[in-house]
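Starting from the known structure of chain W, arrange chain L on it as the hints suggest.
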Amino acid sequence: MFDTLFFNLLLNGLAHGMLIFLIASGLSLIFGLMRVVNFTHGSFFMFGAYVGRSIFLATDSFVLAILGGLLFGFVFGALVERIAIRPFFGNRVQLLLLTLGMMLVMNELVKVIWGPTILRFPRPDYLIGSFFLGDIILPYYRMFIVGFGLAVLIIVFLFLNKTRLGIIIRAGVENSDMVQAFGINIKQVFTFTFAMGVGLATVGGAISGPFLGVYPEIAMDNILVAIIAVVVGGIGSFGGSVAGSLLIGLINSFGGFYLPQAAMAFNVVLMALVLLIRPQGLFGKGGLARGR
Amino acid sequence: MSALLELEDVNTHIQSFHILEGISIKVPKEGVTVLLGRNGAGKTTTLRTILGFHPPSDGSITFDGQLINGWPTYRIGSLGIGYVPEDRGIFAGLTVYENLKVAARDGVKEMERRLERVYQLFPDLKRATRQQAGTLSGGQQQMLALARILVSKNRLLLIDEPSSGLAPIIVDRVAEAISELKKELPILLVEQNYNMAREIGDNYYIIDQGSCVHQGRMEDLDNEPELKQRYLGVAV
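In order, the protein sequence lines correspond to chains W and L. Take the first sequence: its position 281, counting from 1, is numbered 370 in our numbering, and each next residue is one higher. Take the second sequence: its position 65, counting from 1, is numbered 989 in our numbering, and each next residue is one higher.
Chain W with its partners taken away, still in its complex shape:
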């Protein structure tokens, strides 16, 4: 049972789970403040993959590709929020249509810039190869993704729990009116949160490139599983987005191997089960019906 295959599927699942987490954590916080699913979030992930690849090919530095992906996402996210999202803040129907529209535009835009076919994002030399643990072969790159995701997870967790801005973001997810009554400009907080969330997604995209390949459909594939992960974990909860993402990553990995025809069905069944037993998600507090 616990052979190379098992550990490979496990590592694969954790790696994919970490990538989903990088999308889901931002998606969840943004939903908490905006009360709308940001459908564009998967497209930011996709852009991160393309931008990261371009930087890597131009500079031959994987570190620069990651930092560039992060910076690109943060700046791009802040601009999108200020120019496109903010005028519609508080109007959920318009925001929903806006993010859907932006998703379609961005998914076509990459085809114009980089072409519609799958592009290869080579691994840096030092992440090629595998680690041998007895009979078990563990590819370095997947281990890197898990480690990187874990590091981001810890940093974001500390930010949300130890800094005043992080605590304000969590408070805003619960009750943004009250945060404003304390003299805090929630719109600025939201711009920062949006930019941070997009930065996490683009950096996730950048490191996903050598693992998943770079092609336009990664936007749609990943936004769907990230939404499921957020719902399963509990909307607005950071811990929930971690748990939901890893769960979905593992289910996809094992389910996709043993019953590939039903891989997506597993996700939906899991979501349905969680919603039946705990409508607020694994870590959620208020439930889906809560909202203002």
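These are calculated hints, taken from the structure and not from any lab test. For every residue, glycine included, the Cβ atom is placed at its ideal position computed from N, Cα and C. Check the hints yourself; a few may be wrong.
To be verified - Here are the in silico distance ranges between beta carbons for each label pair: (1) V164/W to Q1139/L: 30 to 40 Å; (2) E1108/L to D310/W: 56 to 66 Å; (3) P952/L to V182/W: 41 to 51 Å; (4) I172/W to Q1056/L: 32 to 42 Å; (5) R962/L to V182/W: 29 to 39 Å; (6) F95/W to G1058/L: 35 to 45 Å.
Just chain L, lined up with the frame of chain W:
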């Protein structure tokens, strides 16, 4: 005495409903001003209009001589207007300490400096700093809501129905705390519990159907049984 906060002929619409129909109130620089009136009279909307949650459609709101209507809520809050909503507005998923930290408008250092006094008023909170606010009892949540407006330098407190949903013994403690606070800060209080209002209030306004129908000194209301019965439902 000149007023710290003055509402003049304020009208507020929420969607297509005309809620406040020309309210005029003066809150002096000292003491407790109480807004009295039945459910749905417009008391809470008055507070929320002052704070900019529902900007007035007509009329003027001046704070310390400065016209503030139309300002966003965070700027009004920054002037030093502390707000305790009727539902307390506690961040349930945050700890007690984190709740205070969100409210620490003048910085965490200033908050720490003021905490000693806050814990003196509300010893329960000191024991519960690391506790999730959502797990506090109703009375403790009310204490936390009051504590949050005391960790920053405020110049006026707006408190909405602090006694609502609390056991009588807790109401007494909340009343005591507010009596302490009124020595330091002017308060605009919405309260349906007439006994509590009578105990801590100095001036009153009676609001009915979105406008002020009566005003005066709190103690004078004792001699107005008809007024009390008509607008407040207090048995004579």
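### Structure versus earlier hints - violations, ascending order
Result: hint 1 breaks, nothing else.
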